[in-house]
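What follows is the residue order along each chain.
Protein chains: 2
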Amino acid sequence: MKYSKIPSATITRLSRYSRALEELEAQGYTVVSSEKLARQCAVNSAQIRKDLAYFGEFGVRGVGYVVKELLFQIKRILGLNKTWNLAIIGMGNLGFALIDHSNFPKQGYFFVAAFDIDPQKIGRKLSQGFEISPMSDLERVAAERKVEIAVITTPASKAQEVADQVVKTSIRGILNFAPVQLHVPEGYPVHHIDFTVKLDRLAYMMGNIATEPDDKKTS
Amino acid sequence: MKYSKIPSATITRLSRYSRALEELEAQGYTVVSSEKLARQCAVNSAQIRKDLAYFGEFGVRGVGYVVKELLFQIKRILGLNKTWNLAIIGMGNLGFALIDHSNFPKQGYFFVAAFDIDPQKIGRKLSQGFEISPMSDLERVAAERKVEIAVITTPASKAQEVADQVVKTSIRGILNFAPVQLHVPEGYPVHHIDFTVKLDRLAYMMGNIATEPDDKKTS
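Protein sequence lines, in the order shown, are assigned to chains V and H. Counting the first sequence from 1 gives a position; this note's numbering is that position plus 43. Counting the second sequence from 1 gives a position; this note's numbering is that position plus 43.
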């Protein structure tokens with residue numbers, strides 16, 4: 044399987060398919076047509092078939108997909124049959140919003156540590172059962188709690204310094220919410236979440252609807 | 044220009060190109076090669092040329108792109124030469140994190156109103172110069188302040204009710220942070236931000252690096 048040839052947009056869509064399949068499973072569906080799955084995910088059914096074709100043959104012609112089976116296969120592809128340990132670095136509003144967000148544990152992502160540099164925050168007990176640690180304990184706590192991913196929610200001005208510390212520990216990847224491009228050693232996995240990129244897509248869509256009323260299906 | 048044929052992944056990448064061009068401009072670059080721009084955006088240069096080709100001819104062979112000009116053109120395509128008025132609905136940790144986030148005004152998105160149902164929050168003055176309004180004032184405040192986009196940061200259990208209210212006002216689009224699929228009238232623009240989808244991509248990348256050390260370039 045040539046993983047390196049798989050477009051990253053396909054990986055993003057696989058996540059969406061898995062979210063939709065979970066909802067369908069919760070609603071009691073055992074089988075779903077590619078058309079219905081496509082509608083749930085706001086893509087067309089040819090796209091789903093093309094995305095899945097990278098990984099093998101799925102589905103039954105004229106019937107569709109067995110929900111439980113396809114969900115299992117997609118999770119296997121995405122490596123989601125394992126759970127991941129996360130640390131959050133920067134306990135401001137965003138840090139608290141994320142650590143309390145129910146989606147993370149539901150999708151197999153568990154916060155096991157939190158860090159800050161503010162003496163007023165360090166030592167504060169969180170509802171997750173652990174305390175906010177000082178940044179000076181990053182290496183030790185990350186190793187002890189087997190942290191795999193660091194979620195950076197510091198101000199932009201602190202994020203690079205934090206990333207420099209993270210890459211020296213046993214933590215193997217970064218999800219960056221700070222509005223700044225991080226420089227890390229080549230090959231070190233980093234993803235950046237920029238909320239405004241989604242707003243650009245929405246604005247583009249709204250602009251198009253306003254000026255071209257027949258082109259509603261843009262996105 | 045057949046906007047309806049443009050892949051939404053292209054629109055997302057255009058946003059990234061514009062962010063990178065802004066950085067380059069700030070660093071004093073007047074011209075940039077497609078290779079350098081591609082490295083900044085973590086795509087290959089053929090992808091940039093393909094994305095831009097949807098909208099016309101850009102760049103000079105053997106030279107590259109004039110930074111200021113390409114930035115202007117991309118912003119025009121994305122409709123970003125106008126600014127947008129946003130309202131935030133749900134002033135919990137995430138609401139406060141977003142309203143204080145410096146990236147929004149920098150990219151032309153201005154929060155002009157905030158709403159909550161909690162009597163303890165309603166009336167509280169924000170650093171942005173306005174107070175948190177009660178949900179019952181949504182229609183009036185949205186019209187008066189010309190709100191164009193609603194950013195929903197309520198708990199999942201409240202988000203659909205809020206969306207039902209939003210679509211009845213003059214607000215024309217929704218950015219949804221609540222972990223739930225919203226049902227809105229057909230053609231009404233909604234984008235959903237699910238943080239865990241990005242984590243899936245990161246996890247997929249990390250899993251691949253672990254098992255296939257030669258395939259680092261996956262994403």
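Check each hint, because a few of them may be wrong.
Claimed, not checked - Once the Cα atoms are required to be at most 25 Å apart in a straight line, the calculated PhoX-like pairs of lysine-lysine come out as:
1. V/K164 / V/K125
2. H/K241 / V/K149
3. V/K241 / H/K111
4. H/K201 / H/K118
5. H/K189 / V/K149
6. H/K79 / H/K118
7. V/K111 / H/K241
To be clear, the hints were calculated from the coordinates, so they are not data collected in a lab.
Hint check against the structure, violated hint numbers in rising order: Of the numbered hints given earlier, those the structure breaks are 1, 4 and 5, listed in rising order.
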